[in-house]
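We have chain A already, so just place chains B, C and D on it with the hints.
Protein chains in written order, with the numbering used here: chain A, 1 to 289; chain B, 1 to 289; chain C, 1 to 289; chain D, 1 to 289.
Take these hints with a grain of salt, some might be off.
Given that identical chains are not distinguished, each listed pair holds provided it fits within a single copy or across any two copies.
[To be verified] Dumping the calculated DMTMM-like pairs for lysine to aspartate or glutamate here, alpha-carbon to alpha-carbon at most 25 Å: (1) K236 with D121; (2) K213 with E246; (3) K152 with D63; (4) K152 with D197; (5) K152 with D121; (6) K236 with E50.
Hint data in this document are derived by calculation from the structure and do not stem from the laboratory.
Listed below are the residues making up each chain.
Number of protein chains: 4
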Amino acid sequence: MDVGFIGLGRMGRAMVGRLVAAGHTVRVWNRSPGASEGLAGVIPVASPAEAFRGDAALTMLADDAALRAVIVEGGLLDQPDRPGLHLGMSTISVALARDLAAIHERAGVPYVSAPVFGRPDAAERGALNIVAAGPEAEIVRAAPLLDAMGAKTWRFGTEPARANAVKLAGNFMLISAIEAMGEACAFTEAHGVPGADLLDLLTSTLFAAPAYKNYGALIAEERYEPAGFALRLGAKDVRLALQAAEVAGVPMPFASAVRDGLIEAIAHGDGEKDWSALARVSARRSGRA
Amino acid sequence: MDVGFIGLGRMGRAMVGRLVAAGHTVRVWNRSPGASEGLAGVIPVASPAEAFRGDAALTMLADDAALRAVIVEGGLLDQPDRPGLHLGMSTISVALARDLAAIHERAGVPYVSAPVFGRPDAAERGALNIVAAGPEAEIVRAAPLLDAMGAKTWRFGTEPARANAVKLAGNFMLISAIEAMGEACAFTEAHGVPGADLLDLLTSTLFAAPAYKNYGALIAEERYEPAGFALRLGAKDVRLALQAAEVAGVPMPFASAVRDGLIEAIAHGDGEKDWSALARVSARRSGRA
Amino acid sequence: MDVGFIGLGRMGRAMVGRLVAAGHTVRVWNRSPGASEGLAGVIPVASPAEAFRGDAALTMLADDAALRAVIVEGGLLDQPDRPGLHLGMSTISVALARDLAAIHERAGVPYVSAPVFGRPDAAERGALNIVAAGPEAEIVRAAPLLDAMGAKTWRFGTEPARANAVKLAGNFMLISAIEAMGEACAFTEAHGVPGADLLDLLTSTLFAAPAYKNYGALIAEERYEPAGFALRLGAKDVRLALQAAEVAGVPMPFASAVRDGLIEAIAHGDGEKDWSALARVSARRSGRA
Amino acid sequence: MDVGFIGLGRMGRAMVGRLVAAGHTVRVWNRSPGASEGLAGVIPVASPAEAFRGDAALTMLADDAALRAVIVEGGLLDQPDRPGLHLGMSTISVALARDLAAIHERAGVPYVSAPVFGRPDAAERGALNIVAAGPEAEIVRAAPLLDAMGAKTWRFGTEPARANAVKLAGNFMLISAIEAMGEACAFTEAHGVPGADLLDLLTSTLFAAPAYKNYGALIAEERYEPAGFALRLGAKDVRLALQAAEVAGVPMPFASAVRDGLIEAIAHGDGEKDWSALARVSARRSGRA
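So that you can see chain A by itself, here it is in the shape it has in the complex (with noise of 0.2 Å):
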């Protein structure tokens, strides 16, 4: 397919190295310049506007501002070429969903929500879960591109923003994952048993799964830089949920928690450390850190 993509971060090049391998013609654009170098078979363009077009545009920004900035006001929705899906793959709020979802229909442009869980590592494997939402016809139109950058294709209905709420369920129950360890890690800690002992096992029995391991690894450790996921980014993350959860009627007691937590640990300059950072405030809380 004839593709644009619009956003070179670290995912969003690994993305596009997994479309070129699968044989797609990828155009691409990034706002700060430079960031296709180093980026093999791609088309560099040197507007968002000759990115958006084709046989689908793909936008994997930072956030709601760069995406609004870029698509909304950057007026892309009102050129006369415009692409024949917009797969949005970034991880936005519930709200700019909906909007772009009825601005997308106004402007007779089919918009699928199609955020990821995976880092870096697993887009380029093309190991990403993909969280997909949007008409179905559309989706399975996408099924090249989706498969050439995921495992897996999860689908959840016509309406977009379900797959931004279900991307922000995720992100919270990780972050929670961090947040328990933490805890506990202090607790026993505080007895006597060090955190890596604790989660030894409890990661490989109860807990045996990814977000545990790879957490669990990083928290015993204590190796927080680099950051795999930045704490701000992951606050920011818990800011969507919890704003989209006051307009749906829902409280989320472990989501303030969390967010309490997650601006204490920026408080005390972590917000460029890995997200599991979090689990230094519990430790700082008890006077072990």
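Frame of chain A; chains B, C and D shown alone:
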């Protein structure tokens, strides 16, 4: 080995079955009579004193009060005929574990704390994970018993109370996982995504671990009866964790939030349901139950 | 003085009444027409631009969106005929207050933030407490207006946003007092002591302050309608506080807990009741409502 | 009246002074000797049994353990010479109050729970607020004693434990006010407004009550030593409230949040400071202390 076993609840009976199958001689006693019925190959005795002797005595009682009543107030450590080792497998408080360590030391009876992770079906298969702490030589000596009951014995040093701290930390992490799933499901359901769909994705990927798969299934199907582990008992374990945490100087905001939710669940009549029914609290608070 | 007043809600009308009584000339404008009916001595004008001129313009609008729409997007600062001073009395976000300060500076119009504490009846008596921040000379110049409306003007320096931070802090303390009373009443009622009896004691002694007496009476009598201040608006103010706190790096666990409770209250249909109806959440959670 | 008084801490000594001044005969006993030194007009006795007799015995001990040790385990209710009434004025648990009620009923000694609000200086002036519950006739009979010590006796029915529930609810509201001030000050300070300025405004207006004025001044001046009421003791009272709340089925998220903060304060060495030092936790969490 010639052992005594005190406490024939569902867990105790299954553990006794494994000991008998492994060829050990097992004298059994239970507070309420008749509990040994249907247990093949055991020797029912009429008093706890007759069970608390031999090569080793194992206790698997409901809570601090039961253990205190039988062992401490029952004066078992003051009788002439005492066991070569006391293997305390109940989920009890850190404080009682410390008391027991001291009392046994005065009495000259070796004491090992060895609480377990696993439900009755795991106990029947000898697939428990046993968390042991106490004098190293004693744990080695108890290996034939521990190996009969568990898939693995995890050692946490020589101070018995550490094993109990680890057990409480693990239960805290379980109930935190339940709460996180409950909030996440309430969140996505308010956005039109059934909790079952969210959990299907997450427990197949990032959270593909027994804790999430088992409890996720119960939550997705709202199958809270019969209780695998009663919510009321889970609330007790959270209370024990919070008490130990307070003494040890560790704030645990997740444990506090979970405590509030469990109290609310009990106040709404769910105390005898499975503790995964904590998820109903999130649903109710958001006006969906 | 010759002033314009924008925003004729219950508070705005009462404040305008005081200004007129003090002899000021008051041009008034409101988005929904007819709001000036029954307001003696005022000069209704047909557009916000006609109000936003003269010696001073006062704004008392519902929220950020209304103020942004009328002042910023309405381009009032770009028109040739501008006021000698803008006195912003609405409860708005810290972020908007900062934006307004910058925008006014560029436009060469002095800006003072002056939100108020007090309900409509206090406004009618000129008994508001006014929280002012902005250029000192401007606050002095506005004294005839401020003194007409308030019992006292409290100054918080020259940076306008500080007044808004103080206002949000005050509202946070009010809703925290409500939550504390709600929990305390649920607690004593579960012990057989009516909340009214508890509050009678406490609001006569340690807590003999308007905040506790007023809201305590509403809670004791469960008299949540008509709303003095709608719970939904209170939730908005807590949201503004939490947003500013996050930006400023301040975790606020009480604000988080209150936020969860307010969402729950709204989800159960109490959004239009007085915000002291937050106490109903404590009652419901304990199975008593 | 001829009374005995057990427990000569700062509060007890001040209360004894009032009883003597009102003309009562007061036998006094304290666990650590020498406590009656400097107390004019009292009759020191050598054993609690000698104090626990006469027209009434008053107890003002530090906690559950002390009261249990002296009265229950000390067997005072089994001795032949018993008081006409036991007035229990200590801040104790609801559970112990219930036990005491039952034990006294079996022993045929009337029991009234009468904990107090007020600090030592209020006790010296006879300005305590006394919270009484128990048999009505007994409270009437005790009036000469209660009136000597308190400004007012507030009655809460015939079940003694209710008075203790009210006392714990009041202390919960005090510490909640402290926490709210702590968070509000951290919030405005991060916006450039000294906490002292915020509190000056609020404690002069909406929160013009002793609780806020007194603790607000300590927080504004960071004057946490010497402790009027030690944070460690405040933590104990919150624990008692949470325990009773759990038994009674009442979730208390504010109490939970305060508990976490108090544990953190103690972990950072502030346990012996005034409990208003809880405000330091908010400052530390936001990176300002």
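Verification of the hints:
In the homo-oligomer, the alpha carbons of K236 and D121 lie at most 25 Å apart inside one protomer (22 Å), although the nearest pairing across protomers, at 41 Å, exceeds that limit. For the homomeric pair K213 and E246, neither the shortest alpha-carbon distance inside one copy (32 Å) nor that between copies (28 Å) is at most 25 Å. In this assembly of identical chains, K152 and D63 lie within 25 Å of each other by CA distance solely inside one copy; the values are 24 Å within and 44 Å between copies. For a Cα distance limit of 25 Å, the shortest separation of K152 from D197 across copies, 14 Å, qualifies, whereas the shortest one inside one copy, 34 Å, does not.
Taking the closest pair of Cα atoms, K152 and D121 come within 25 Å of each other only inside a single copy of the chain (16 Å); across copies the shortest separation is 33 Å, beyond that limit. For the identical chains of this complex, K236 and E50 are neighbours neither inside a copy (30 Å) nor across copies (42 Å), given an alpha-carbon limit of 25 Å.
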